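Asker: Sequence:
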Amino acid sequence: MKRIIVLGLMTLAVSNAAAQKTENSLKKAFKDKFYIGTAMSLPQINGTDVKSDQIITSQFSSIVAENCMKSMFLQPQEGKFFFDDADRFVAFGEKNNMFIIGHTLIWHSQLPKWFFVDKDGKNVSAEVLKQRMKNHINTVVSRYKGRVKGWDVVNEAIMEDGTYRKSKFYEILGEEFIPLAFQYAQEADPNAELYYNDYNEWFPEKVKTVINIVKNMKSRGIRVDGVGMQTHVGLDTPKLEEYEKAIVDYASAGVKVNVTEMEISALPSPWGTSANVSDTVEYQAKMNPYTKGLPQNVQKEWENRYLDFFRLFIKHEDKIRRVTMWGVTDNQSWKNDFPVKGRTDYPLLFDRNFKAKPVVEKIIQLTKEKK
1 MKRIIVLGLM
11 TLAVSNAAAQ
21 KTENSLKKAF
31 KDKFYIGTAM
41 SLPQINGTDV
51 KSDQIITSQF
61 SSIVAENCMK
71 SMFLQPQEGK
81 FFFDDADRFV
91 AFGEKNNMFI
101 IGHTLIWHSQ
111 LPKWFFVDKD
121 GKNVSAEVLK
131 QRMKNHINTV
141 VSRYKGRVKG
151 WDVVNEAIME
161 DGTYRKSKFY
171 EILGEEFIPL
181 AFQYAQEADP
191 NAELYYNDYN
201 EWFPEKVKTV
211 INIVKNMKSR
221 GIRVDGVGMQ
231 THVGLDTPKL
241 EEYEKAIVDY
251 ASAGVKVNVT
261 EMEISALPSP
271 WGTSANVSDT
281 VEYQAKMNPY
291 TKGLPQNVQK
301 EWENRYLDFF
311 RLFIKHEDKI
321 RRVTMWGVTD
331 NQSWKNDFPV
341 KGRTDYPLLF
351 DRNFKAKPVV
361 EKIIQLTKEK
371 K
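So in UniProt numbering the end of the sequence shown lands on 371, straight run, no missing numbers.
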């Protein structure tokens, strides 16, 4: 009898621990504030990264595809679409009752080579490019109409000084390619949320140009619902005040702010650092200093940086639609290979052993603090 009672108590303890873990999930903590999301890689979408999938379903309320919905994968040849991975991604989100984001419809990068050229390899006319844009957007958005809830319609079209990126879209169509993309997406799914998405999104001149684009589209009856702040940040930049001003300014244009690709790198930035061949060994050591784990002081600094950002998100929760992490665990983060290949970075909320870092519980506790 005693053995049965002991086993019963053990089972109860395990159940209580599991319940507590579920109770303390990020998605539950932010349920009444904004969606909390993550990007999904192919192994996660295909179900081969089981441990990450368990984190995704237990912790997050929104998902975005890291790569498989970019145009080079969806339409590698003109008129020949490949939807297998994207279909699985959307099915995963539906099965787990998640807010599904499509990324990205129009982007100058990770785009098939045929998109801008004719059979002779020369730039296509404006009319041909418009038709190709419309066909791609209509085919993709219509396929997931009512299922994908929001789209990054145009990605990374503005430079830090506020000028337009000199992409082929801009070269052939000028500034009009952005309103056209939003118009085509709106026609394909009138109920999906439509976003403009960019990085270094706190630079003042970039903020001004994006706001002008948003206001211009709205004045023409073209719907834009949000601005995506990618939030690829480090320990030093941007200043929190700069970032907060950008949130407030974007929101003042009558759109929601979406934090779309967040991580915080703990490593030094190489920009402006010498990379001469003679300095290679020294440079590599300097750029990749924490191969065995973060020192306690750096760990604390990194953690405080995350908490500062999440305090800011909570402060402005009325302006924010979602906060999405760009990956689940440190081992899968693109920051291990950018801007320097082969580094060991620690930018995400879950470690290389699929364990929640202590900062996760601290972020959850922030949601319980009185303002």
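Since the hints were derived computationally from the structure, they do not count as laboratory data. The reader is advised that the hints may include incorrect statements.
[Said to hold, decoys possible] Each pair of labels, with its calculated beta carbon distance range:
(1) Glu176 with Met72: 19 to 27 Å
(2) Arg165 with Lys245: 40 to 48 Å
(3) Pro204 with Glu317: 19 to 27 Å
Note that the coordinates shown come from a computational prediction; the quantities given were computed from them, not determined experimentally. Ideal placement from N, C-alpha and C gives every residue a C-beta, glycine not left out.
Asker: Would you mind marking each hint as holding or not holding in the structure?
Answerer: Okay, the hints, checked on the actual structure:
{"no.": "1", "hint": "Glu176 with Met72: 19 to 27 Å", "in the structure": "23 Å, holds"}
{"no.": "2", "hint": "Arg165 with Lys245: 40 to 48 Å", "in the structure": "23 Å, violated"}
{"no.": "3", "hint": "Pro204 with Glu317: 19 to 27 Å", "in the structure": "24 Å, holds"}
In the structure shown, a violation is registered for the earlier hint numbered 2 alone.
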